[in-house]
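Undergrad: From first to last, the protein sequence lines are chains A and B.
With our numbering, you'll find the first sequence wraps up at 592, consecutive numbering, no jumps.
With our numbering, you'll find the second sequence wraps up at 209, consecutive numbering, no jumps.
Accuracy of the hints is not assured; some may be wrong.
[Stated by the list, open to error] Beta-carbon label-pair distances, calculated as ranges:
1. His216(A) <-> Thr6(B): 50 to 56 Å
2. Arg69(B) <-> Ser206(A): 36 to 42 Å
3. Thr189(B) <-> Leu71(A): 47 to 53 Å
[To be verified] Interface residues of chain A toward chain B, partial, derived using beta-carbon atoms under 8 Å:
4. Thr151
5. Gly583
6. His591
The hints are simulated quantities; they were obtained by calculation from the structure and are not laboratory data.
By construction, the Cβ of each residue, glycine as well, lies at the ideal position given by its N, Cα and C atoms.
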Amino acid sequence: MTDHGAVTEPDDADDATADEPAEDGEPTESTAQTGAESVIASLETAGVETVFGVQGGAIMPVYDALYDSELDHVTMAHEQGAAHAADAYGAVTGDPGICMATSGPGATNLVTGLADADMDSEPVVALTGQVPTELVGNDAFQETDTVGVTTPITKSNYFASSPDSVGEDVSTAFALANHGRQGPTVVDLPKDVTTGETDVDPVEPSVPGTVDVQTHADDENVAAAAQTIVDADEPVILAGGGVVKGDATEELYAFATEHEIPVVTTMPGIGAFPEDHDLAMEMAGMHGTGYANMAITLTDCLLAIGTRFDDRLTGGVDSFAPDAEVVHVDIDPAEISKNIEADHPLIGDAGTVLDQLDEAMPGSPETSEWAEQCREWQQEYRLDYAAPEDEPLKPQYVVEAVDEATADDTVVTTGVGQHQMWACQFWTYTEPRTWVSSHGLGAMGYGLPSAIGARVAADDDQSVVCFDGDGSFLMTCQELVVAVREQMDITVFVLNNEAIGMVRQWQDAFFEGRRMASEYPWVPKFDTLAEAFGADGFRIEGYDDAPGVIEEALATDGPAVVDVYIDPTEDVYPMVPSGGDNGQFALSEEHL
Amino acid sequence: MSERNTEREGLPGPAPEERRRPKGRRSSQGIRIDPEAEAEHPPRRTVISALVEHEPGVLARVSGLFSRRQFNIESLTVADTQNDDWARITVVVEEPDPGIDQVEKQLEKVVPVIHVRELETDAVTRELVVVKVDADRPHEVHAITEMYNGKTLDAGPRTITVELTGDEQKINDAIDAYRQFGIREIARTGQTALARGETKTAVVPDHLK
Ligand SMILES: Cc1ncc(C[n+]2csc(CCOP(=O)(O)OP(=O)(O)O)c2C)c(N)n1
Ligand SMILES: [Mg+2]
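Bound-form chain A, shown alone (with noise of 0.2 Å):
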């Protein structure tokens, strides 16, 4: 055992959790290679440097192939935030992230992580202990229907049958996540499959022959689009995860400044357009800018990108751009029509069909009149929040205080609640890949875990902030001993309301205010819990402290978290309220 703080190996983790009995798979004494290392040599053949996951006995050969290699490896402190950690790998990189767990437990704890990854199409890479194929089905010890409970969460899964083909599986699973649409994939490997013997070499990734994206859109389409988009008055972009996942915001930039049309984007879009720029609406739905969810109401032509038209961007279909001929650009053929009916699909990639559809402008839009309409809504509809001096500290002060503080290219995690809303209204985010968060799946706990990813996929220079619930802050901050390890330099600012205050709000303006179960009678002081690991503790009560605590917190090298003391009545506004009209978000309760 190491002591708590001190800097370990990947390596002597590894030892560390040895004690765990290996019943059967006797160590190999010949020179061929065994299953567990075609799984290692395919990863190394991939690219991959970094996996982040738990130690296990059904998942022990693989780790003991690890030994020998050049990988690294992150050892979490529970399976939930490897999944989180390789997805938010995944997201700042843009290159599959892998997390690796034991058979039974471990990986339904990556569950949670994959779901996520499936819902926000982050490229992941599972690779699961199991039983040996011979007690798979008897209810052997740690055995779970692995490929059975993911398949409803992931693009693919294989089960591993012979250490032959474990590492073509292992690269087919890699070339999947990664491919078209990206998404999580698992490989689960039974032990007998990474104990036996193989003199198969691994092979480059590559997806199975019945796998077809279409990058490149049908030319009459891209044609007829182009038009419709010159015809419109009131042009909008939609700006979805795909363009930043499609590495297109740089065309996306020249796409609607040339024809200056303002740029709307969902909440994964964020990112994929300056929001610093005159023509940058920011975030639409639920809880969008005002002027985003007038301007995406009102258009009369919306370029959708990379988007699925998920229900807290639409509200209501019935009410969501009624007026609008939709343009929709997808990877997916099976998001185009499925939520939004499209006028013109446009099946390819983001990058390739932007390039498309500017090469196809017969001109440009007479914009003028709508830009200047736009630009009025943004300032009708600022986003705003009183801050009068006898009221607590309020969190938007601290996300733009902490935006203020950092540098551009600085990466922001979140966990889930108001906090997070909040992270999106006011920070500006200039920068693709610098806002990692869970979009779809809306799991609390991601924040710090995605937050060791981010550091870990980040360039040395960058930093990586969490903006934190106390509640979601409480599912997973057992991952902070990881950072503490390996001495990660992170800062995660916890807006400490006392409360699962998106619930309390939710409460208050739906439920008559019966505030079941969503005030905390006791939270933790996070400043001493963070201690307790080993990593820098800070407080911040009210607007005095605010600036020097942020500096002095930001300015630590490895991790530290700042209990941040926040008005516990503030609820973030505006709001769409599910399935309502987005052109009628509310501006405070009473318009609910």
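Once you've looked at the hints, dock chain B with the ligands against the given chain A.
TA: Here is chain B with the ligands on its own, set in the frame of chain A:
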């Protein structure tokens, strides 16, 4: 550091009722519709055929997809084809047009799926049913079986079991005809189908042949 608005006021901007409103409306399927008209996309019944790689778990993936996405399916069959590496899944679905489109596209995304298409109405479709009835009136049972070109599989003192094939309509009619004898049990296979004539039920890309 940021400037704070120390006034005690909420978010600025016109209230909901003071805002410009759009003119149009969409149906629950997200289709732009005449705001005055009734939104209607009636379901229809159709046959979707998928050629898939013959590998373990493919049926579980497909049936899981149907339940997860709440696709309304009437029947689903799966079996081998002329090629040992392939199996054919035939699904009868009842959905409005956007739902049928989704069924095809979501199936297409399942990795071992090679090709998916909706069959035309002239497709050759067949279903097999095995019916077990009371044997009190064996001659009449036999007459009905003859009438529907069926076959008697088992005739005992108490029960008669027959086999019939046909399209869905014929099977339903035959079952109705047997009711008078007292039906004990029925087993239906669900429909299987091929496209008619030269039309291909599935197109297999060259690199998979
Ligand atoms: C794992 C999980 N459980 C429950 C929820 C439901 N939920 C959504 S927001 C929220 C409140 C989160 O509280 P906190 O992290 O303190 O954030 P706050 O809203 O107070 O900023 C809850 C419970 C969820 N999103 N995820
Ligand atoms: Mg809270």
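Undergrad: For each hint, tell me whether it holds in the structure or not.
TA: How the hints compare with the structure:
For His216(A) and Thr6(B), the hinted distance range of 50 to 56 Å is satisfied, since their beta carbons lie about 55 Å from each other. Taking 36 to 42 Å as the suggested C-beta distance range, the pair Arg69(B) and Ser206(A) does not conform, at roughly 29 Å. For the pair Thr189(B) and Leu71(A), the supplied restraint of 47 to 53 Å holds, since their beta-carbon distance comes to about 51 Å. The closest approach between the C-beta of Thr151(A) and any C-beta of chain B is roughly 6 Å, which is under the 8 Å cut-off, so the hint is satisfied.
Using the Cβ-Cβ criterion of 8 Å, the hint placing Gly583(A) at the interface with chain B is satisfied: the shortest such distance is roughly 6 Å. Hint status for His591(A) relative to chain B: holds, with the closest Cβ pair at about 6 Å, below 8 Å.
In summary, the one numbered hint that this structure violates is 2.
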